[in-house]
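K.L.:
Listed here are the chains, written in short residue letters.
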Amino acid sequence: QQQVKQSPQSLIVQKGGISIINCAYENTAFDYFPWYQQFPGKGPALLIAIRPDVSEKKEGRFTISFNKSAKQFSLHIMDSQPGDSATYFCAAGTGRRALTFGSGTRLQVQP
Amino acid sequence: NAGVMQNPRHLVRRRGQEARLRCSPMKGHSHVYWYRQLPEEGLKFMVYLQKENIIDESGMPKERFSAEFPKEGPSILRIQQVVRGDSAAYFCASSPPMGQGSNQPQHFGDGTRLSIL
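Those protein sequence lines, which keep their order, are chains G and F.
Numbering (our numbering) for the first sequence: 17 to 127.
Numbering (our numbering) for the second sequence: 200 to 316.
One or more of the hints may lead you astray.
Unchecked claim - Chain F stretches covered by chain G per the calculated footprint, using a threshold of three residues with CB under 8 Å from any CB of chain G:
| # | region |
| --- | --- |
| 1 | 215-223 |
| 2 | 307-314 |
Unchecked claim - Here are the simulated BS3-like cross-link-like pairs (lysine-lysine), alpha carbons at most 27 Å apart as the crow flies:
| # | chain 1 | residue 1 | chain 2 | residue 2 |
| --- | --- | --- | --- | --- |
| 3 | F | K250 | G | K21 |
| 4 | G | K58 | F | K250 |
| 5 | G | K31 | G | K87 |
| 6 | G | K74 | G | K84 |
| 7 | G | K58 | F | K226 |
| 8 | G | K84 | F | K243 |
| 9 | G | K58 | G | K84 |
| 10 | G | K21 | G | K74 |
| 11 | G | K21 | G | K87 |
| 12 | G | K74 | G | K87 |
| 13 | G | K21 | G | K73 |
| 14 | G | K58 | F | K243 |
| 15 | F | K243 | G | K87 |
| 16 | G | K84 | G | K31 |
| 17 | F | K261 | F | K243 |
These aren't lab readings, by the way, just hints derived from the structure by calculation.
Note that the coordinates shown come from a computational prediction; the quantities given were computed from them, not determined experimentally.
Built from N, CA and C at the ideal position, the CB exists for glycine as well.
Next comes chain G alone, as it looks inside the complex:
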């Protein structure tokens, strides 16, 4: 019940294309859904986060879509760039409690 399932495991997108990563959760107590970007040898960096009272949040080229009834949320990266090539993790949490992470998506943006 604590799992967060993330797909796809890997993704190849052409420069300028849209990258879409999906996550699904089971625990309805989750009320905070962040996305993290991780480069090799580095720690996860917070990209964008959403709470379940909104269905969409946009920051620059990054958009989170949230479907509360389906218990799913997704990250869209518009106009994907080679510099976006990294591993992306979705996560879910409650209050100040620990985050439960998805298994990650390795994104490769080809020039």
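Here the structure of chain G is known, so what remains is to put chain F in place on it, guided by the hints.
P.N.:
Just chain F, lined up with the frame of chain G:
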């Protein structure tokens, strides 16, 4: 650098030795979380601490692992009698004290890569 600082960045230990990993949270942050990441996997929660208190240690193995966050100084994750399976990247995150009970973003350090020979 005002970010979360972890040291050492790399640590090599032989089986049976002790490993000590340190984490200094961002300035003004009083909540610290430790996570473990195995290669090609997501982060798994280990322990959540506030100053001088362990709030949640449900993700920490019952034996050989301990954590503290003293009133002064960094948070320490200690692994006694290390085994090969302890090889992983250990990440620390911190969050600010404001908004009691509300969601606060967790900011991560760059981790300590622990290798057990």
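K.L.:
Could you work out which of the previously given hints the structure breaks and list their numbers from low to high?
P.N.:
Numbers 1, 3, 5, 9 and 16 - these are the hints that the structure violates, sorted from lowest upward.
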